[in-house]
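Got chain U sorted already, so can you dock chain X onto it with the hints?
Listed here are the chains, written in short residue letters.
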Amino acid sequence: MNVSKEQLIDFIYDEARMLDEGRYTEWLDLWLPDGHYWMPLDYQQTDPLNVTSLMYEDLFMLKLRVERLNGARTFSQKPKSRCHHVIQRPFVDEMKGDSFVTTTFMHYVETRLDEQQLLALTAKHDLALVDGSLRIANKRVDIVNCDAAFRNIQLLP
Amino acid sequence: MSKYSGNPAAAAALFEGHQVHRDVYIDPEVFRLEMKHVFANAWVFVGHESQTPQKGDYFATSIGDQPVIQVRHSTGDIHVLYNRCPHKGTKIVIDRQGNTGKFFRCPYHAWSFKTDGCLLAIPLKKGYSDTGLDQTEGAKGMKAVGAVHNYRGFIFARLAQDGISFEDFFGDSLSSLDNMVDRSPAGRLEVAGPPLRYMHHCNWKMLVENQTDTCHPMVAHESSAGTAVKLYEELNLPEDAPKPPAMEIIAPFMSPYEFFENMGIRTWPNGHGHTGVNHSIHSNYSQIPGYFEAMVESHGEEKAKAILDENRHNTVYFPNIMIKGPIQQLRIFIPLAANKTLVESYIYHLVDAPEELTARTAMYNRMINAPTSIVGHDDLEMYERAQEGLEADGLEWVNIQRLRTGEEDFSEEVVENGTTERQMRNQFDAWARFMTWDAPAQEAAE
Numbered sequence: 013m014n015v016s017k018e019q020l021i022d023f024i025y026d027e028a029r030m031l032d033e034g035r036y037t038e039w040l041d042l043w044l045p046d047g048h049y050w051m052p053l054d055y056q057q058t059d060p061l062n063v064t065s066l067m068y069e070d071l072f073m074l075k076l077r078v079e080r081l082n083g084a085r086t087f088s089q090k091p092k093s094r095c096h097h098v099i100q101r102p103f104v105d106e107m108k109g110d111s112f113v114t115t116t117f118m119h120y121v122e123t124r125l126d127e128q129q130l131l132a133l134t135a136k137h138d139l140a141l142v143d144g145s146l147r148i149a150n151k152r153v154d155i156v157n158c159d160a161a162f163r164n165i166q167l168l169p
Numbered sequence: 438m439s440k441y442s443g444n445p446a447a448a449a450a451l452f453e454g455h456q457v458h459r460d461v462y463i464d465p466e467v468f469r470l471e472m473k474h475v476f477a478n479a480w481v482f483v484g485h486e487s488q489t490p491q492k493g494d495y496f497a498t499s500i501g502d503q504p505v506i507q508v509r510h511s512t513g514d515i516h517v518l519y520n521r522c523p524h525k526g527t528k529i530v531i532d533r534q535g536n537t538g539k540f541f542r543c544p545y546h547a548w549s550f551k552t553d554g555c556l557l558a559i560p561l562k563k564g565y566s567d568t569g570l571d572q573t574e575g576a577k578g579m580k581a582v583g584a585v586h587n588y589r590g591f592i593f594a595r596l597a598q599d600g601i602s603f604e605d606f607f608g609d610s611l612s613s614l615d616n617m618v619d620r621s622p623a624g625r626l627e628v629a630g631p632p633l634r635y636m637h638h639c640n641w642k643m644l645v646e647n648q649t650d651t652c653h654p655m656v657a658h659e660s661s662a663g664t665a666v667k668l669y670e671e672l673n674l675p676e677d678a679p680k681p682p683a684m685e686i687i688a689p690f691m692s693p694y695e696f697f698e699n700m701g702i703r704t705w706p707n708g709h710g711h712t713g714v715n716h717s718i719h720s721n722y723s724q725i726p727g728y729f730e731a732m733v734e735s736h737g738e739e740k741a742k743a744i745l746d747e748n749r750h751n752t753v754y755f756p757n758i759m760i761k762g763p764i765q766q767l768r769i770f771i772p773l774a775a776n777k778t779l780v781e782s783y784i785y786h787l788v789d790a791p792e793e794l795t796a797r798t799a800m801y802n803r804m805i806n807a808p809t810s811i812v813g814h815d816d817l818e819m820y821e822r823a824q825e826g827l828e829a830d831g832l833e834w835v836n837i838q839r840l841r842t843g844e845e846d847f848s849e850e851v852v853e854n855g856t857t858e859r860q861m862r863n864q865f866d867a868w869a870r871f872m873t874w875d876a877p878a879q880e881a882a883e
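These protein sequence lines map, in sequence, to chains U and X. With this note's numbering applied, the first sequence covers 13 to 169. With this note's numbering applied, the second sequence covers 438 to 883.
If we strip away everything but chain U, and leave its shape as in the complex, we get:
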């Protein structure tokens, strides 16, 4: 099966919509088992392991994060946060066999109670075609003001 540029771009749009609509089970199913969601702390950070990141999460952590959002005693989600992505048309940077790389600029809004914050992001997706469907191999999300002091970021930018 050949993957078109259009399909890759649709995939990124669909993922953003899943997150905004809170369809986390579907979203987790997009991930390959060894994938990591990386959100660097430093501008142009190269090392996810030996310095601090905001997130560097395997699938267990991502499942935990999602599961917690609906917990009966998850007090920081009473009431729940909501989020909203506005994305530019993704750039398809690489198409090599069954592996693909895209870069997407986006604005992310997260809100809860009377607070709302806006983050400008660059998301880099490593995608792979496995058994006929596109999956996320890795995802890196750089916040443009990554070194600023943040309030809670509770959902997934």
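Just so you know, the hints here were simulated from the structure itself, not pulled from any lab data. Take these hints with a grain of salt, some might be off.
Once the Cα atoms are required to be at most 35 Å apart in a straight line, the calculated DSBU-like pairs of lysine-lysine come out as [stated by the list, open to error]: (1) X:680 x U:90; (2) X:492 x X:473; (3) X:551 x X:473; (4) X:667 x U:90; (5) X:680 x X:742; (6) X:562 x X:551; (7) X:563 x X:525; (8) X:525 x X:562; (9) X:440 x X:473; (10) X:680 x U:92; (11) X:680 x X:667; (12) U:136 x X:680; (13) U:92 x X:777; (14) X:492 x X:563; (15) X:563 x X:528; (16) X:777 x U:90; (17) X:563 x X:580; (18) X:580 x X:492; (19) X:667 x U:136; (20) X:580 x X:777; (21) X:777 x X:473; (22) X:525 x X:539; (23) U:92 x X:667; (24) X:577 x X:551.
Predicted model only: the values in this text are computed from it and were never measured.
Below, chain X alone, put in the same frame as chain U:
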């Protein structure tokens, strides 16, 4: 009508041994007094020397509400200067770190200063001849803080010119810092990357108190740690399968009350204290290959074992830092307003130890203390609910009397049951004393 302005004794009286008045958390005047008295007379953490390794390297931060610069002088020693040009008040540096070369130069009128603060040059200086500039405080250059002490790489400063000595202030509590540094086979730490920066809309003391609050993890963190345990059980992995790293870091937060009771709490004079006298959530971390051997190589087997058998949980250094010796983490609670605190969480690399240890510490930092951390979300929710709840009239006191059965003497070191709130009381005892530390001198001056 002001209740506390100019009256530190009235603020100090808000601590009554078993309870503390809500004004210590919500009143802006009490906050002003804390900045002026507590943060000026105590020894406050500034930074680590590895943040300014080369001559001319500087790091800008604050001591309480005072903007300061930690800078490596041309002689190699570290100075702490107020970040203010003596001329018009302009901040000399605005980036968080950098290198200034041989001197600081104010960007406004180009007054320049040596890296120990001394005035170096003023453009068109003849304009000041016969004006008596040399009689003014500005002519001395950038003002240095009252005193600076470098303890094994950790830079502390006292703003007040005179006051308690570094040794008297910290006493035996330095054993926790010693243990953290001794865990490096070279006896040296290096900062690993920038800190997490997390903005809290609550009073700084709530964060400090929470560091030795052992009755909250299994409640407030049920949502994160409890869910982690549940998810892991559902995976039904065989006994010998490697655990997800999250389990090693997050799951111990769900330990039962008994675990925290037995871990013990030690308090030292001047508001310092630590949880985890006997064990802690860090006790059962997996071994990293090659580390123990490196420790034995440099310390000898007996001392290496003694260092690594110590598993202190959180050590609070009054007024506003917490360190975790076993994982080389330091958190500073920077007070911005009565209801606003910036938390910065640093990690350090153990020089000559395997990098896997730093990786685990970095993992701990991001899993527990990041603005994106599920455990951090649990905590911040509680602090901010408390900050808002304290506005409720009718009940004006906050209770801190758990396991307090009578008058307490905080001038002695004691070890108690790990669920005592003695360390919170110990902090307030120091807070009240440093609040009124220079009161007699002030009255005499008035």
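task = Starting from the hint list further up, note which numbers the structure goes against and sort them upward.
result = Result: no hint breaks.
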